[in-house]
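Chain by chain, the residues:
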Amino acid sequence: MALNFHAYANPARFMMLSRRLVAPIAMIAGVLIALGVYLALWGSPPDYQQGDTVRIMYIHVPAAWLSLLCYTVMALASATALVFRHPLADVCAKSAAPIGASFTFLALVTGSLWGKPMWGTWWVWDARLTSVLILFFLYLGYLALWATIEEPVRAARAAAVLALVGFVNVPIIHYSVVWWNTLHQPASVFRIGGPTIAPSMLAPLLIMATGFTVMFVALLLLRMRAEILRRRVRSLRLAQAGFAGGGREA
Amino acid sequence: MIRAAFSLISRDLKLAIRLGGGGGMAVFFFLVTVAIVPLGVGPDLNLLGRIAPGMLWVSLLLSNLLTLDRLFQSDYEDGSLDFLMTSGAPLVLVAGAKAFSHWLTTGLPLVIAAPLLGLLLNLAPGAMPMLMIAMLIGTPALSFLGAIGAALTVSVRRGGLLASLLVMPFYIPVLIFGVSAASAAVTAAPGDQGPRGLMLLGALTLASLVLAPVAAAAALRANVE
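Going down the list, the sequences are from chains S and D. Its first residue numbered 1, the first sequence is counted upward by one per residue in my numbering. Its first residue numbered 1001, the second sequence is counted upward by one per residue in my numbering.
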């Protein structure tokens, strides 16, 4: 990897590179996910306890992993934006947030769909569910902050501070929720599978997880491109408005 | 530098006392939310006594959230925040001092009002001291974490609601450890959870005392420049 960090700071160069990269990356993601879906739905055995319901897991678990990965990317990008003022970093953080929120939402919904037949209820205040729900709130707060502060530069810096504070807080929240839950119901009945997972199930799971991750990269690049274009349009409009206003004065 | 912090705190205290509407309103809101709990869940004293620590903590959180917009907003609007930021005192110190005076004017009155409201909810008398201690230890964390949210939304018009939404997830650990410390005294049951909860609560408060002013100062710089 070429490590001149600021060589990629130029948005024009990023646009050129990303235009070439998006399609192949998206294609790899598509192939991986198609293969993963095939293996998950037809190529793997039903669980001896959960039956076919276990197939939800192949979507659910990668989505949950991605929800954390997206937040990490967002926090790292925010730190880069705050410390180095890297011009692409806040674009990256902003673009990662809705994707992460979607994955979190997907994890919650699929978990709920799995919980109904397995636990007999859509929702339990299990430690894991609760902390994912709070993670979802963190994403929503981040998006809300971006949406309310109009000026992009201000919004970017405020959102970066929020993302970093959230990043510090995620483990604390998770730990506190785990502790809270074990306090209330010491014997947790709800545990997915055993400590080991059969290879026939592990393979589709890992393929799906890789596919989701590659898809995240493709979506992130697409969203970053869109964001850069949006900012260009904004500055062009502002320049136009300023020109028109100046013209009238003169 | 310390003198600057002290004078800032005393200024905020004077403002809170002379202008009114701050801590007093929060206490009033606390009273009102506690009073509607029995109306919602029914007047069963046993049930109320069991949920009292949790309800008191939840109402305290809400009352605290309600006052967050006062933390920096009024100073931002009348321009004194600009003055504070250019005064040469480190911004971290300013943010810390503002958060501390927020605690003095809202957190502390709320804690003092809590035992009285505990009576309304049939809180066991033996649990009262523990709840008070937990609240005393936990409320500074609320003010300091809240300062981050208030600083992030300072330039947003009517940022109070947004600040509440942003800060709420950060309040959850405080709520959990605070309630567990207090309800351990109520049920006087499993193990010796009380002190452990208190210690974790203290850890949260200490960490937020150190980190939150830094984050709040960064947020202020992002918003006001």
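No lab work stands behind these hints, which were simulated from the structure alone. It cannot be assumed that every hint is accurate.
[Unchecked claim] If you want the footprint, here are the derived chain D segments under chain S, 3+ residues with CB under 8 Å:
hint: 1; region: 1142-1156
hint: 2; region: 1160-1174
hint: 3; region: 1204-1215
[Said to hold, decoys possible] So these bits of chain D aren't anywhere near chain S, every CB distance computed over 12 Å:
hint: 4; residue: Gly-1024
hint: 5; residue: Ala-1035
hint: 6; residue: Leu-1062
hint: 7; residue: Asp-1078
hint: 8; residue: Ile-1112
hint: 9; residue: Ala-1222
hint: 10; residue: Glu-1225
[What the hints assert, rightly or not] With the Cβ distance kept under 8 Å, some of the chain S side facing chain D (calculated, not the full set):
hint: 11; residue: Arg-154
hint: 12; residue: Leu-162
hint: 13; residue: Val-165
hint: 14; residue: Pro-171
hint: 15; residue: Ile-172
hint: 16; residue: Ser-176
Using N, Cα and C, we set each Cβ at its ideal position, and we do this for glycine too.
For each hint, the structure was consulted:
no. : hint      : in the structure
1   : 1142-1156 : holds (count 5)
2   : 1160-1174 : holds (count 8)
3   : 1204-1215 : holds (count 3)
4   : Gly-1024  : holds (29 Å)
5   : Ala-1035  : holds (27 Å)
6   : Leu-1062  : holds (16 Å)
7   : Asp-1078  : holds (20 Å)
8   : Ile-1112  : holds (26 Å)
9   : Ala-1222  : violated (3 Å)
10  : Glu-1225  : violated (8 Å)
11  : Arg-154   : holds (6 Å)
12  : Leu-162   : holds (6 Å)
13  : Val-165   : holds (5 Å)
14  : Pro-171   : violated (10 Å)
15  : Ile-172   : holds (5 Å)
16  : Ser-176   : holds (4 Å)
The structure fails hints 9, 10, 14 (numbered hints given earlier, in ascending order).
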